[in-house]
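Residue numbers (this note's numbering), protein chains in the order written: chain A, 72 to 421; chain B, 9 to 358.
These are calculated hints, taken from the structure and not from any lab test.
Fair warning: this is a prediction, and the values are worked out from it, not measured in the lab.
From the three backbone atoms N, C-alpha and C, an ideal C-beta is built for every residue, glycine too.
Please note: incorrect hints may appear among the correct ones.
Interface residues of chain B toward chain A, partial, derived using beta-carbon atoms under 10 Å [stated by the list, open to error]:
| no. | residue |
| --- | --- |
| 1 | S67 |
| 2 | G160 |
| 3 | V328 |
| 4 | L346 |
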Amino acid sequence: MSLVETQRTEKLRGSGWRELVTPAHGLLLLFLLVYPAMASDFFLTQIGGYSLILGMIALSLMLLAGYGGMVSLAQITIAGAAAYVIAIFGENNSGVHGFAWPWWVITPMAILFASVLSAAFGWVAVRTEGIYTIMITLAIATACFYFTQQNYALFNGFPGYSGLRAPEVFGLYWRDPVPFYYLCLANAVVAYAAVLYGARSTFGLTLQAVRDNPRRMRAIGYNVTAHKVFAWWLSGLIAGAAGVLLAWFNGRISPGSIAVGPAINILIIAIIGGLRHPVGPFIGAVVVVLIQTFAIDLVGAERFNTLIGLFFLAVVFLSPDGILGLWERVKPRPDRDAWGPGPERSGVRE
Amino acid sequence: MSDASNTNRDDLFRGARASRRQAWGVVALLVAALLLWLVFAQWPDWLDAILISKKAFLSAILNGLTLAGLYFLVASGFTLVFGLMRNVNLAHGSLYLLGAYVGYEVADRTGFWLLGVAAGFVIMAVIGLVMQVVVFRRLEGDDLRQTLVTIGISIVAADLMLAVWGGTTYQILVPEWLTGAIKLPVITAYRSNGAAVYLVYPYYRLVVLAIAVVIGIGLWLMLNRTRIGMMIRAGVDDRDMLAASGKNVHLVFAAVFAIGAGLAGFAGVVGGSALSVAPGEDVRYLLASLVVVIVGGMGSVTGAAIGALIIGLAEQIGLVYFPTYGVVITFVIMVVTLSVRPQGIMGKSL
């Protein structure tokens with residue numbers, strides 16, 4: 072597990088706010104805010120919005136893997152659960168369920184349901200440690216996929232639900248390119264800031280200590296299981312919010328969206344970006360979405376998976392910390408720990 | 009004084025253990041008697057009403073047993089590789105599917121089914137060997153990265169297999185001496201004229217079951233009666249100590265990986281002849297191996313057999329009696345196992 076355990080908490084005393092308010096973040100936010108002015112609708116929604124959504128789901132994985140040492144493959148399942156809640160209790164045109172409850176009821180409900188489901192998954196997964204978590208969460212994700220596919224009474228089986236619509240509030244239709252982009256951006260910024268701030272909170276530090284040495288933490292008297300399950304619940308909030316956005320983005324939810332492929336895709340995004348800092352998943356998401364969109368010109372639509380698979384293999388082999396790790400290696404020395412903990416992390420490999 | 013009390017306590021424990029074992033023995037006998045009665049007795053009407061019909065029930069049991077045989081073939085390699093190398097080979101399903109395709113090609117071109125089976129085993133064993141030597145030996149001790157690499161390999165493999173063999177479903181033709189159905193000496197019902205209706209079952213499926221049993225016994229003998237088996241078991245218990253005592257651990261690893269991959273390929277051909285070969289089967293058998301190994305216990309071949317039996321039976325019985333909730337049964341079994349015995353039924357404590 073060295074890949075996720077290498078990150079020792081060295082700068083314990085810095086407060087979360089100091090991490091958040093940096094020139095780099097200011098510039099990034101400024102760029103993201105004016106992005107709609109220079110991007111076409113396609114780049115705004117299909118690249119920008121979609122990257123932010125996938126980035127949020129990958130962020131929920133990064134929270135678990137980077138700070139908790141639990142690599143989960145079930146994050147897309149959690150997002151999918153929120154999307155199914157939207158489809159079942161909101162409006163859909165599949166003719167099954169679709170209770171058309173107002174958006175301000177179903178949205179919190181969807182996110183809450185996803186987070187509780189996430190905590191339940193976590194409760195199952197934390198009974199074992201390390202590499203077992205991957206196996207168990209993959210089994211959970213696959214089982215959920217098959218279940219939604221063969222069950223028509225609840226999930227409308229293979230076709231799933233289509234015709235999901237984002238709400239119209241303040242005279243704006245929130246699925247229009249610009250409002251949707253800002254909606255995604257707002258969610259992503261809140262999630263990103265929360266993770267970054269939370270990592271320096273008492274809970275965040277305790278979680279990282281549990282990751283580094285669960286036995287010692289248990290001996291000191293911490294409830295290791297409760298901390299891990301709570302981390303799952305928090306990651307479920309982020310994944311759930313992303314799931315709601317995903318439902319509005321696609322306008323549909325079907326078993327195909329939560330199949331093993333998409334589940335692994337989230338892991339690929341997080342790994343390609345890097346698990347050491349919350350910005351990693353978003354970088355990974357942009358890279359993967361760009362490859363996804365433009366690979367067609369390179370290798371044809373058919374062999375896109377081979378390309379992304381090879382790219383992923385190259386990242387795992389060459390730079391275990393993803394693109395963030397590459398950046399760490401080439402960037403100028405003075406601001407070396409601007410993105411997080413110290414330079415001597417290679418020394419704590421286990 | 010203390011000696012006496014110790015022996016006393018030991019006796020007490022022994023007594024408790026013996027009576028507990030006796031209790032389990034009685035339970036096993038009762039279950040066996042009930043099963044024998046279910047198989048051979050003529051069912052009363054109320055039982056028919058509950059379990060649809062004797063024929064449906066017995067067919068589900070037999071299908072479950074043959075499926076368990078297949079699952080065991082796939083999962084035994086998976087569990088050995090995991091137990092020894094702590095390497096979750098998520099490309100195991102791809103080995104199964106590739107083995108099936110290779111077996112199909114060879115059997116189709118040469119006309120000899122047995123040659124196809126042999127090719128499936130040998131070629132997959134060689135590929136497993138190459139994977140171990142080229143990929144996993146480089147990342148030794150870094151189990152998360154090893155797992156990530158297997159994910160990358162499985163993505164690329166699935167895509168390339170789709171490119172070569174397309175999305176169509178193949179059926180490996182079984183030679184004539186294995187086809188047909190046989191009449192089992194089990195009476196399912198009586199016709200109105202008093203003639204007995206016997207249970208008819210495809211001969212080949214029984215052969216699959218027999219093959220799985222033979223391979224299982226062979227594996228058990230190899231592990232428990234040969235020198236390499238001794239080394240493998242020692243490696244599962246304590247890899248470092250095995251290396252320290254002067255054994256060539258890499259040789260043992262390579263051998264186990266070859267056997268595991270070969271068995272997956274073998275199962276691919278045998279299973280592809282009983283069912284069918286199509287894209288997506290890799291994920292199905294990966295899920296099956298995961299669940300079987302989680303339930304049965306990592307690193308234990310006996311555990312894989314027990315797990316395969318439970319999951320195979322549960323899946324088929326679920327298919328007949330709860331068609332749209334079948335997967336849930338598998339899932340519940342996994343969760344219950346994890347909460348009662350996180351290391352699996354035959355697993356050593358974590």
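Each hint, compared with the structure:
1. S67: 20 Å, violated
2. G160: Status holds, d = 4 Å.
3. V328: 14 Å, violated
4. L346: 5 Å, holds
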